[in-house]
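Here's the letter readout for the chains.
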Amino acid sequence: MTIASTTQLICFLVLAVTLVVGSLGVVLLPNIVYSAFLLGGVFLSMAGLYLLLNASFVAAAQILVYVGAVNVLILFAIMLVNKKETLAEIPGLVVRKVLSGLVCVGLFVLILRVAFTTNWALPGPPPVGEEATIRIGEHLFSDYLLPFELASVLLLMAMIGAIVLARRDVFSSDVITGEPVDQGLLEKVRTPLLIEKPALEKTP
Amino acid sequence: MTFAILPGMGETIPLQAYLGLAAVLFCTGVWGLINSRNAVRVLMSIELMLNAVNLNLMAFSNYIDGQLIRGQVFTIFVITVAAAEAAVGLAILLSLYRNRETVDMERFNLLRW
Numbered sequence: 001m002t003i004a005s006t007t008q009l010i011c012f013l014v015l016a017v018t019l020v021v022g023s024l025g026v027v028l029l030p031n032i033v034y035s036a037f038l039l040g041g042v043f044l045s046m047a048g049l050y051l052l053l054n055a056s057f058v059a060a061a062q063i064l065v066y067v068g069a070v071n072v073l074i075l076f077a078i079m080l081v082n083k084k085e086t087l088a089e090i091p092g093l094v095v096r097k098v099l100s101g102l103v104c105v106g107l108f109v110l111i112l113r114v115a116f117t118t119n120w121a122l123p124g125p126p127p128v129g130e131e132a133t134i135r136i137g138e139h140l141f142s143d144y145l146l147p148f149e150l151a152s153v154l155l156l157m158a159m160i161g162a163i164v165l166a167r168r169d170v171f172s173s174d175v176i177t178g179e180p181v182d183q184g185l186l187e188k189v190r191t192p193l194l195i196e197k198p199a200l201e202k203t204p
Numbered sequence: 001m002t003f004a005i006l007p008g009m010g011e012t013i014p015l016q017a018y019l020g021l022a023a024v025l026f027c028t029g030v031w032g033l034i035n036s037r038n039a040v041r042v043l044m045s046i047e048l049m050l051n052a053v054n055l056n057l058m059a060f061s062n063y064i065d066g067q068l069i070r071g072q073v074f075t076i077f078v079i080t081v082a083a084a085e086a087a088v089g090l091a092i093l094l095s096l097y098r099n100r101e102t103v104d105m106e107r108f109n110l111l112r113w
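From first to last, the protein sequence lines are chains H and D. For the record, in the first sequence the residue sitting at position 197 is 197 according to my numbering, with numbers rising by one throughout. For the record, in the second sequence the residue sitting at position 109 is 109 according to my numbering, with numbers rising by one throughout.
This is chain H alone, in the form it adopts within the complex:
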């Protein structure tokens, strides 16, 4: 084993441990702000694994899109909806957690069995290494041109959809005088859709 491959193995082990511990922390930690920052750590170690897999362009895209955009968006969402609330107790929650844990372990064993028993076509052709970015560009503008254009349409749709969904409804004119009002300062009084369960159960 050469020194370079030893270094590669150590990098892989460190990144793998970071990834597993970080993802468990994302799911299990009670404080959601810690979960969001750990999610950023998971994305960063994923980018490191992409570098180990000879994909520097995708690693850069991962850092730019996931750490720079998605994680910041999640942090903003946490700040916007950060209300201390005591969650109501649900009967059978522990049973549900244990059962779903068993299902997930079963799924994990199934995936591992498939991964280790399948006869993969190894070793494949040698990786292109640093030419990967050129190859990706050729793919995107020749045989994957239609998905590339569809992705741009999808991003536009997502942008408009997010604006429409998260927009506040405001009055466009004053109710009494009929004059146009300053947009963005007034918010329509809305009735929350909270339906109390006991009120529903009493009616019949």
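Keep in mind that the hints were calculated from the coordinates and are not lab data. Just so it is clear, CB atoms sit at the ideal spot from N, CA and C, and this is done for glycine as well. Mixed in with the good hints there might be a few duds.
[Said to hold, decoys possible] Computed footprint of chain H on chain D; a stretch qualifies when at least three of its residues, placed anywhere within it, have a C-beta under 8 Å from a C-beta of chain H:
#: 1; segment: 26 to 37
#: 2; segment: 40 to 46
#: 3; segment: 55 to 64
#: 4; segment: 74 to 85
#: 5; segment: 89 to 103
For this one, chain H is given, so just place chain D on it according to the hints.
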């Protein structure tokens, strides 16, 4: 400064190591998706699952399809879709929070029978 790893060095780490790591990540994401009470954490679990799929695609792209690297192209598309999904999902979450004034998944039951 180059990050390229020289050819012939990829054989020290087996493909199955990456597949197993992705399986751990995916199963953690599934468990979090089922059991989270906070709606933001559900979105984070979905991101974990998408990343696990990306890791699988990248591993196959490097080990089996080293010349054409179609897996990397697919990973870029998955990253695009994940970004769009996060934006729309968080917008839906904000709208839900304004209407119900909670982020508890157990109370989003308007469409339940």
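Okay, the hints, checked on the actual structure:
no. : hint      : result
1   : 26 to 37  : holds (count 11)
2   : 40 to 46  : holds (count 5)
3   : 55 to 64  : holds (count 7)
4   : 74 to 85  : holds (count 10)
5   : 89 to 103 : holds (count 13)
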